[in-house]
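Given the sequences, and given the hints that come with them, work out the whole structure.
Order-wise, the sequence lines are chains A and B. Under the working numbering, the first residue of the first sequence carries the number 1, and numbering increases by one thereafter. Under the working numbering, the first residue of the second sequence carries the number 551, and numbering increases by one thereafter.
These are calculated hints, taken from the structure and not from any lab test. Possibly wrong hints are sitting among the right ones.
Among chain B residues calculated to face chain A with C-beta under 10 angstroms, some are [to be verified]:
1) Ala883
2) Thr886
3) Arg1033
4) Val1074
5) Gln1136
6) Ala1139
Stretches of chain A that chain B covers, calculated by requiring three or more beta carbons in the stretch to come under 8 angstroms of a beta carbon on chain B [stated by the list, open to error]:
7) 8-14
8) 37-48
9) 75-82
10) 534-544
Pairs of lysine to aspartate or glutamate residues, derived as EDC-like cross-links and limited to a Cα-Cα distance of at most 20 angstroms, are as follows [said to hold, decoys possible]:
11) A:Lys11 x B:Glu1026
12) A:Lys11 x B:Glu1094
13) A:Lys11 x B:Asp885
14) B:Lys1096 x B:Glu1026
15) A:Lys11 x B:Asp854
16) A:Lys11 x B:Asp1092
17) A:Lys153 x A:Asp329
18) A:Lys153 x A:Glu116
19) B:Lys1096 x A:Asp10
20) B:Lys1096 x A:Asp290
21) A:Lys405 x A:Asp249
22) A:Lys385 x A:Asp419
23) A:Lys153 x A:Asp312
24) A:Lys220 x A:Glu190
25) A:Lys461 x A:Asp447
26) B:Lys1096 x B:Asp854
27) B:Lys878 x A:Asp10
28) A:Lys461 x A:Glu471
29) A:Lys308 x A:Asp249
30) A:Lys220 x A:Asp249
31) A:Lys220 x A:Asp166
32) A:Lys397 x A:Glu423
33) A:Lys308 x A:Asp329
34) A:Lys397 x A:Asp419
35) B:Lys1096 x A:Asp541
36) A:Lys99 x A:Asp84
37) A:Lys461 x A:Glu423
Even glycine gets a Cβ: it sits at the ideal position worked out from N, Cα and C.
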Amino acid sequence: MNGPLIVQSDKTLLLEVDHEQADACRRAIASFAELERAPEHIHTYRVTPLGLWNARAAGHDAEQVVDALVTHSRYPVPHALLVDIAETMARYGRLRLLKHPVHGLVLESSDRPVLEEILRSKKVQPLVGARIDPDTVAVHPSERGQIKQTLLKLGWPAEDLAGYVDGEAHPIELDEDGWALRPYQRQAVEGFWHGGSGVVVLPCGAGKTLVGAGAMAMAKATTLILVTNTVSARQWKHELVKRTSLTEDEIGEYSGTRKEIRPVTIATYQVLTTKRKGVYPHLELFDSRDWGLVLYDEVHLLPAPVFKFTADLQARRRLGLTATLVREDGRESDVFSLIGPKRFDAPWKEIEAQGYIAPADCVEVRVNLTDGERLAYATAETEEKYRFCATTATKRKVTEALVRKHRGEQTLVIGQYIDQLDELGEHLGAPVIKGETTNAQREKLFDAFRAGELSVLVVSKVANFSIDLPEATVAIQVSGTFGSRQEEAQRLGRVLRPKADGHEARFYSVVARDTVDQDFAAHRQRFLAEQGYAYRIVDADSLLAGDEAG
Amino acid sequence: MTTSRETGGTGTGPRTLAEELRTRPDEDLAGLLHARPDLLNPVPGDLTQLATRAATRASVARALDRLDRFALQTAEALAVAPDPCPYGTLAALMTGDQPDDPAVAAQLPRAVATLRGQALVWGAEDRLRLVRTVRELLAPSAAHPSPTGLGPTVAEATTGMSPGRLQQIITTAGLPGTHDPVSAVASLTALFEDRTRMAALLEGAPSEAVGVLDRLLWGPPYGTVTADPAPHLRWLLDRGLLLSTGPGGVVLPREAALHLRAGRAHRTPEPLAPELAPLAEHSARLVDATAGGQAHIALSTVEDLLAEWETAGPLVLRAGGLSVRDLKRTAAALDTTEAGAAFWTELAYAAGLLASDGDVDERYAPTPAYDEWLRLPAERRWTHLATAWLATTRTPGLVGDRDAKGRTLAALGPGLDRSPAPEVRRRVLDLLAELPPGASVSADTLLARLHWERPPRTTGDDLRTRLARWALEDAEQLGVTSRGALCAHGRALLAGPAEAAALLAPLLPQPLDHVLLQADLTAVAPGPLHRPLAQTLAVLADVESKGGATVYRFTPESVRRALDAGQTAADLTAFLTAHSRTPVPQPLAYLVDDVARRHGHLRVGAASSYLRCDDEAVLAEILADRRSAPLRLRRLAGTVLAAQAAPDILLETLRAMGYAPAAESAEGDVLVTRADVRRTPQRTAPAPVPEGPPIPDSTLLGAAVRAIRAGDLAATAERKPPAEQPATSASGLPRTTSADTLATVQAAVLTGAAVWIGYVNADGAASQRVIAPIRVEGGFVTAYDHTADEVRTYPLHRITGVAELADESA
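So this is what it looks like as structure tokens:
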């Protein structure tokens, strides 16, 4: 009884990382527990019903889960918790969605009372058809997603064994010339393919695009890729042409500007969720081809309407890619029921340790506002307070000092407020990329930055996602979307791409002391701190003093 | 059953229970008193008294309650057997004609000995006699069907049957006719008891009739028939196989049923206690360790509960106990269910660690014993709780149920004591202790065993069953058992707390003196902490997760709380450095410093008035002046003094000191010291007060005259002299009997005459009135009241008496 794990009564698991058995234990519990926080000494995992069902979906049984806990636990595991785990896991798979040779899609149960219970639910009744025999009931094929969602809410998640349509075949091969899938990417692809559908969780910069490409090469079928925005769509296209046997002509872009439907089509969330006269005019995209695979980039940002469309796509293979399953809107269960269970997960620090993402040094720079600014802040309207303290002149000066300090390094300055960015761009003599910048202009600037012709780039939140700027080594965040945790993660991701020279990345967050800016920053940093990226706090004064001295 | 006393027949054996008791050795009597302690209270004077008391209904019922199932079954069989009953007959009743379970015969002597030992059975082996009260309690009757499912005997069932009908029955049954009902019954009984002849008789039964018999066979033996029974029922009725119990009711007589049952009194005699087949065998070490862990959780839960109630304990309900809302809140605080919260509060209460404080607004709070308890080592703390739990009659499982009056039972409230609780609890643990270490048994098996040992009176979910289930749950919560198996310290607890404490001590996690601080502003204590450390941390950080370890989170609020409690930033940093194995993470140090920097930045105090002056020298002078001392002035800033004295006093004093202060309003305006011109609120002018009453107007006068006339009429009307007694008593009210009153009033309604009444109003004031009754109904007289000059209604019972007016014309 001297294991590295402590099981808490609230179903969190504390793992002591410095313990000699920590690694074995981590592997044992990763299948069913979600890593919640990974600070330096003790990692916190949480056992949730979703996690347990994920484990069931991945073929683990309660016995293994209980065994993992009992073996590694330092203190006796409360019996009630073990019983609860066994009961929760037993709920998965009592109901199964199957393809019946005669009746089509059916819901079958090995436990008749459960079937009776759920059939009595008002929410289930409209989704099911005739009772075929005491244990089986027909399900309208169009409601396959709906019923899974509903059953999960009722606490009886259905195992979807109804299989997938193959879709229109299309030859896709990985073009592994001078590069290869990293081991964890390969595992992720295999995990996904084996499970049928699901979500792969990888940190920013860990090469999620390649996992997508790998999955496409497995499917060898026409593929619909859903991404967050046009820039990201172009990047996907670029990457696919470079890494696979696909050619430019085989890849279509379906966005606000272009409406191409090709064997591989990349569409943006925005165009799909555009509503005109109460209808979604671009929905036919889903039916325009017999897609064999649907890829969702940045699943944690998936807008609500896309969930609705996804419910109708349950017969297609679906792969979700994300850096975090944390959704600010709490719709994790929809991701589970509609896209699929988590198929692969690797913590940031582990991939960093393997050298695939750059190590990063996160620094919070605390700026003392001048008395005048403090007074103005104190009297500002509540809704203007954040904007005011986030865009003070003192912050700008500190930011400029930081850029100077890292002169010669590829630096990104990221912010929320356009006037602030414009002003910074002007002072730094750097171009600004914001919402109104044309895509062509953006590409041009990004290319120049990648090539090293430009060393400083000021970007607004358009660059939060999926922009591949591997050479960026310093990111300076001056303002953000209030306390958004995933934005912070995305922004850090910008500098985590492995560097050619393997040196450490810097992530600065410039924060005004004693203002709401500081509170929001604390909230934003929590996610990273929990991922093991400890923030150092530096006083702007000492930084500037050091700057002048050095 | 014909004997009215416990007397035997002739022969050499004892003739009464008392006589037999007299022959028993002392130790047997001691055994009897031990088994039935109620007989000792008060100590009986002699053996006759003891025997009499042993045969009282209450005592017998209690003794029967405590019999194991087989002894009870034996007693039940004796109750349906002839009295006295030879051992052989009893044995036949228990085993049936074809004994198939050797255990029955083997266990029967033990059962009889038990009954005999408890003075429920007496007499020699060949003349076993059941104490009469026992027989009364157990013998089948229509109101109390016997657990054997047997009905009354032929003799009992035919009491009151016409000899003619009896005659018919025995003839139809193929017996020689006899005119004597007694011998007729005897021969019918003999027929039913004779297996061969009875079998022959039943050979000829219609198949539906056999079906009917099968239904009644194992009881209840009563059935109903219509006035015109179907042929198969008629066949049975005609042969006495069904005997009428009343209109439409029939019963299967006992002898016939016994024949059909092949002589068995019980369908399934249960001679042996059900075995406690182990459900699972865990390793004893695992069980002990898990139970130890649970014991630790139990201790910390109780400590958490009492720490929570230390500052703001919940109010005591007026009817006693904890309100549902407080219970819910406690459950949330302890991160458990309401049932769990009820258990822990009741446990702390039973252990004397918490009680109501007895103040005006009564609240629950920890007792001084709690502080002593806290000083004990952990294992002793546990044994204190566990022994209190073993002995308590409080049953938190009842919380939320309703009592007989429909009131909800509240935790810590009245009505939760159940006297069998400790005994059941003990028995459950004793049974678990019979199993090998580490073996667990399912609750149902255990309950089956308990049911055998003390058969429940009713088939439903009786109290003892619930108590046993709760005992199992509680034992698990408390760490006496784990995974259904009794652990070593639980086993030792049954013998005494000292040994249990010794066994438990090594299983409890050792308190730690350090925590792990992390950059995400959490601290993890990977085990229980030393109390002072835990207390300080609980102030400095919020507890985020509990269990084997504790996770604390530092927030600005929590740090501020620590600063409020008098710590300084340096103290806190020193404390964290001292108790952390790793360096204090920078964000945490920053957090502490940040909060400390702002802490106390704003200062709040109370003052009654202030004094301000642009000239600092003047203020300094005032402050230095001894005469200003009573004002309790304090310099807040160069130009401001705060005073504890009220503004007017401050003004006066300053003036007395020779200054010329001016008062300031709340808005800072100078108050002009001119005397205020005061105004009252809106007032009306006083009404003039004339000397005499106002001059009445004509309406008033008319009414007054009428009233005076009416009063006069009432006072002066001549009355008829009363019939028997003087109609007017000392008070001058007429008095008549209520019948007379009613008659006179009714007569007055008919004649339309006015009568003179005495009337007592609701305040008890008596008056006389002259009324002309209009209607009398429902105990009320509606009448025109000459005195009041209006129609009024008088309750009849308020009228003391009535007299006719002598002269109608007033």
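At a threshold of 10 angstroms, is the proposed contact between B:Ala883 and chain A supported by beta-carbon distances?
-> Check failed: Cβ of B:Ala883 comes no nearer than 13 angstroms to chain A, outside 10 angstroms.
Straight-line Cα separation of A:Lys461 and A:Asp447 no greater than 20 angstroms?
-> holds (18 angstroms)
When you check the alpha-carbon spacing of B:Lys878 and A:Asp10, does it fall within 20 angstroms?
-> holds (18 angstroms)
Coverage of the segment 37-48 of chain A by chain B (three or more Cβ within 8 angstroms) | holds (count 6)
A:Lys11 paired with B:Asp854 [C-alpha distance capped at 20 angstroms] | Roughly 19 angstroms between the alpha carbons, so the hint for A:Lys11 and B:Asp854 holds.
Does the alpha-carbon distance linking A:Lys397 and A:Glu423 stay inside the 20 angstroms limit?
-> holds (11 angstroms)
Regarding the pair A:Lys397 and A:Asp419, is the alpha-carbon distance no greater than 20 angstroms?
-> Roughly 15 angstroms between the alpha carbons, so the hint for A:Lys397 and A:Asp419 holds.
Sort out whether A:Asp290 lies within 20 angstroms of B:Lys1096, counting only the CA atoms.
-> violated (52 angstroms)
Let me know if the C-beta of B:Arg1033 comes in closer than 10 angstroms to any C-beta of chain A, holds or violated.
-> holds (5 angstroms)
Sort out whether A:Glu116 lies within 20 angstroms of A:Lys153, counting only the CA atoms.
-> Holds, at about 16 angstroms.
Straight-line alpha-carbon gap A:Lys461 to A:Glu471, limit 20 angstroms = holds (19 angstroms)
Under a C-beta cut-off of less than 8 angstroms, do 3 or more residues of the segment 75-82 of chain A approach chain B closely enough to confirm the stated coverage?
-> n = 5 at 8 angstroms, threshold three: holds.
Hints 1, 20, 21, 29, 35, 36, counting from the list given before, are not met by this structure.
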